[in-house]
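Asker: If you read the protein sequences in the order shown, they are chains U and G.
Quick note on the working numbering: the first sequence kicks off at 1 and runs consecutively.
Quick note on the working numbering: the second sequence kicks off at 1 and runs consecutively.
Hints are computed from structural coordinates only; laboratory data are not their basis.
Model, not experiment: these values are computed from the prediction.
Heads up, some of the hints might be wrong.
[Claimed, not checked] The calculated lysine-lysine pairs, modelled on BS3-like cross-linking and capped at a C-alpha distance of 30 Å, are:
hint, chain 1, residue 1, chain 2, residue 2
1, G, LYS53, G, LYS9
2, G, LYS40, U, LYS102
3, G, LYS9, U, LYS102
[Stated by the list, open to error] Counterexamples of contact, computed for chain G against chain U with all Cβ distances above 12 Å:
hint, residue
4, ALA31
5, GLN37
6, SER50
7, LYS53
8, ASN99
9, VAL113
Think of the CB as a built atom: it goes at the ideal place given N, C-alpha and C, for glycine as much as any other residue.
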Amino acid sequence: KQEVTQIPAALSVPEGENLVLNCSFTDSAIYNLQWFRQDPGKGLTSLLLIQSSQREQTSGRLNASLDKSSGRSTLYIAASQPGDSATYLCAPSGNTPLVFGKGTRLSVIA
Amino acid sequence: DTEVTQTPKHLVMGMTNKKSLKCEQHMGHRAMYWYKQKAKKPPELMFVYSYEKLSINESVPSRFSPECPNSSLLNLHLHALQPEDSALYLCASSQGGPNTEAFFGQGTRLTVV
Chain U
1 KQEVTQIPAA LSVPEGENLV LNCSFTDSAI YNLQWFRQDP GKGLTSLLLI QSSQREQTSG
61 RLNASLDKSS GRSTLYIAAS QPGDSATYLC APSGNTPLVF GKGTRLSVIA
Chain G
1 DTEVTQTPKH LVMGMTNKKS LKCEQHMGHR AMYWYKQKAK KPPELMFVYS YEKLSINESV
61 PSRFSPECPN SSLLNLHLHA LQPEDSALYL CASSQGGPNT EAFFGQGTRL TVV
């Protein structure tokens with residue numbers, strides 16, 4: 001059964017900092033991995049999808065990497081802004097689609 | 001358009017009530033999902049429909065009954081729920097197949113009293 005761990009559980013940074021969120025998963029037999037953002041009480045917004053054959057994917061200030069063999073993904077956020085404050089969730093998909101970690105709760109302080 | 005629409009946004013129901021949650025997408029996606037999310041917990045998969053057929057049921061109690069009347073619509077019928085079923089219910093869709101991106105709706109906040 002896939003298990004997903006996200007570190008740190010919470011992070012508070014001043015505006016403008018670059019930061020890295022970590023995701024690890026136990027079953028490397030995945031098709032892809034998605035990163036999502038969730039604002040309190042809201043649904044999930046897809047940020048990036050990395051296919052299992054890819055090592056990196058970029059969208060604006062976000063860059064996600066995937067090392068499938070070691071069961072790790074990172075989300076890099078450049079020049080953080082207060083509007084980035086949210087919970088970030090990673091979810092690998094294999095035989096079971098989208099198994100979620102508990103997320104990293106990010107606060108960016110102005 | 002990457003929109004998945006869920007109705008209602010909020011629902012309060014008694015333990016003897018019958019209600020339904022609705023999810024709609026017009027992206028031509030052929031896979032649709034129900035997830036349940038308790039407060040401060042990650043979403044947990046409940047059901048997956050692929051090409052309008054139930055393909056995954058994650059051992060969900062029978063008081064939750066999914067239905068996929070057509071490729072754009074997904075319902076979750078609720079009956080005789082318990083207070084511990086109170087949660088945010090999220091619907092998602094994807095094009096189908098294992099390599100496709102999933103898009104989520106804003107969820108229905110369900111409270112069982």
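Asker: Would you list, in rising numerical order, the hints stated earlier that this structure does not obey?
Answerer: Of the numbered hints given earlier, those the structure breaks are 4, 5, 6 and 8, listed in rising order.
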